[in-house]
Amino acid sequence: MFIADSMTPEPVTVSADISIADAASLLERHHFRHLPVVDQENRLLGMVTDRDLRSASPSTMLDQDTRDQVLARVGSATVGEIMSTDFVSLSPDSTLDDALLLFKTRAIGALPVLDRQGRVVGIFSLNDMMAAYRRLFGLGEKGSVLIAIEEQSGQPPLGDLVHALEEENILFTRLLRTPAQDSEAGMIYLRVNTMNIRRAHRVIEKAGFQIHIPHSSGKRSSQSR
Amino acid sequence: MNHGKQIALITDPTYLDHDTGGGEHPEVPERLQVITGQLLSGPLAGQIRQVAPRPASREELMLFHPESWLFRFEEAVLSGRTYIDHPDNQIGYESYQVAILSAGAGLTGIDLIEKEDHPASMITFCATRPPGHHAEPTRPFGFCFFNNCVLAARYWQQQYGRRRICVLDFDAHHGNGIQTAFEEDAEVLYVSIHEHPSFSYPGTGWAEERGLGPGKGTLLNIPLPPGSRDDQVLEALDGMVFPHVRDFAPEAMVIAAGFDAHLEDDMSGLAYSTALYGRIGRRLAAWSESFCPGRLLHILEGGYHLPVLGDCVETYLKGLAGHES
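Line by line, the protein sequences are chains E and U. Going by our numbering, the first residue of the first sequence is number 1, and it counts up by one from there. Going by our numbering, the first residue of the second sequence is number 1001, and it counts up by one from there.
Treat the hints with care, as some may be off.
[Claimed, not checked] Here are the simulated DMTMM-like pairs of lysine to aspartate or glutamate, each with C-alpha atoms no more than 20 Å apart in a straight line:
hint, chain 1, residue 1, chain 2, residue 2
1, E, 142, U, 1187
2, E, 206, E, 167
3, E, 206, E, 141
4, U, 1216, U, 1184
5, E, 142, U, 1311
6, U, 1005, U, 1208
7, U, 1318, U, 1230
8, U, 1005, U, 1184
9, E, 206, E, 160
10, E, 142, U, 1114
11, E, 206, E, 128
12, E, 206, U, 1185
13, E, 142, U, 1208
14, E, 206, E, 150
15, U, 1216, U, 1235
16, E, 142, U, 1209
17, U, 1216, U, 1264
18, E, 104, E, 81
Calculated from the structure, these hints are not laboratory results.
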């Protein structure tokens, strides 16, 4: 839920006076694409991305002399000259929602995480976010199955479902409800931890809920047998 | 085609002693009773020779499972616990010994194949329980305690030097334990056709997983959407699995034979017909004939709908024996 739990802590940072070439080789060595630029107290001054570094390199379309001139100039240039100071950041207390919205509106791939003093304490990338949502939804947890339930009018309160599962000792780790929208029915998603899916279906149906069988399925629900 | 193939049916009444507690647990002793009942009273009866399995030794179990798991399993049983880690994994007082005998069925089958003068004229099917393909090195999962197929493949390698093994799994569920064993192993190709992990236990077996490190390329997961029928399976077998197996050129094949993808079996959302198992059997017989004549071992995994289970296994064996239907 909170960025502190999902960020990469203590990321590699650079000072503003290192050369563009050194920054580029650092990114290449560590296989990441975003580099926070910090002052001596580790406070964030700006962000440099691999794209910034590439853009600072001479175009391959230039003739060799011009390329060499540009290269000489770039070789001595520092990241302080090309870093972006118009950065957005997260705090350790920010939520995954904050990050998701920022990624969407700003179209960026990683966000620095700053403490109250503006010091870099972590970095949060799109990959970190996918991993966080993967954990949140339990994707890939060995021994689990997702069951979809289609909401019906007049169905019993959700509490009945939870009660029935707990009563029957059917373990579940996720319960998500999405409201009906336009033509889409409301759904309840349950991640249960059991291979005995048949029994789980029966308990859910007995509690008055309807299992959603994907439309391609040639099988009937256990109730209709 | 030689319809007179002998069928070595490796099974033991002791397998019925693994008590899953009654109630609604689907992995029941009756599963084996319907299989043997059907086979011994049906058209294949004359070709069947029943063979008693030997128990796997401690060293053989440790080809995949560390001693810590053996101790934990045995202790749980002796202390009268009714399940380990999860209510799915029901145990009774006999379960540890039965599981060791279940793991031994594959080893018995391999010994039989390797000592047979004409192994290609024999079909070796282990009707065994508890099943194995979900078992991890130190954890039971999905009714499985020891990974029977993994142990068989390792035994084949160690005892007989057959290094390149293909483990093919057509159970409705992905064999997570088999993938764990061989994910980084270039010498074992694991192929699994199963219901898509978004909808199905154990939530593993994604198509993009193709093996790790040296094992890159020797893992083939083929998840099928719920409702998938015979056509999709045959298409996958002919279009994807066969080229992989051919290129891998196995020296031996271990088949994780699960029958819970049948239309009537509500342990999965897949919708296979009984006849499909015969068509799978015919393909496997032909493939092994090309790559590793006679070195083809079948180990029962799932299959829980008792009214069709016997039919499914019989149809599969008929396919292996070259019967037309």
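Margin query: For a C-alpha distance cap of 20 Å, please report whether residue 142 of chain E and residue 1187 of chain U respect it.
Written below: violated (25 Å)
Check: Does residue 1264 of chain U lie within 20 Å of residue 1216 of chain U when you go C-alpha to C-alpha?
Finding: violated (36 Å)
Item checked: 20 Å Cα cutoff - pair residue 142 of chain E, residue 1209 of chain U -> Given pair residue 142 of chain E, residue 1209 of chain U holds - Cα atoms ~15 Å apart, limit 20 Å.
Notebook entry, point to check: Regarding the pair residue 1005 of chain U and residue 1208 of chain U, is the alpha-carbon distance no greater than 20 Å?
Noted result: Violated, at about 39 Å.
Next item on the list: Sort out whether residue 1311 of chain U lies within 20 Å of residue 142 of chain E, counting only the CA atoms.
Entry: With a Cα-Cα distance of about 31 Å, the restraint between residue 142 of chain E and residue 1311 of chain U is violated, given a limit of 20 Å.
Next item on the list: Take a quick look at whether residue 1005 of chain U and residue 1184 of chain U sit within 20 Å of each other, Cα to Cα.
Entry: Distance ~36 Å between residue 1005 of chain U and residue 1184 of chain U Cα, so the pair is violated.
Next item on the list: Could you grab the alpha-carbon distance between residue 206 of chain E and residue 1185 of chain U and see if it respects the 20 Å cut-off?
Entry: violated (46 Å)
Item checked: Straight-line alpha-carbon gap residue 206 of chain E to residue 128 of chain E, limit 20 Å -> Violated - the C-alpha atoms of residue 128 of chain E and residue 206 of chain E are around 40 Å apart, more than 20 Å.
Check: Under the criterion that the straight-line Cα-Cα distance not exceed 20 Å, is the pair residue 206 of chain E, residue 141 of chain E satisfied?
Finding: violated (27 Å)
Next item on the list: Quickly compare the C-alpha distance for residue 1318 of chain U and residue 1230 of chain U to 20 Å and report which way the hint goes.
Entry: holds (17 Å)
Check: Does the alpha-carbon distance linking residue 1216 of chain U and residue 1235 of chain U stay inside the 20 Å limit?
Finding: violated (24 Å)
Next item on the list: Starting from residue 206 of chain E, check that the Cα of residue 150 of chain E is at most 20 Å away, please.
Entry: Answer holds: residue 206 of chain E to residue 150 of chain E is near 14 Å, not above 20 Å.
Checked against the numbered hints listed earlier, the structure breaks hints 1, 3, 5, 6, 8, 10, 11, 12, 15, 17 and 18; every other hint is satisfied.
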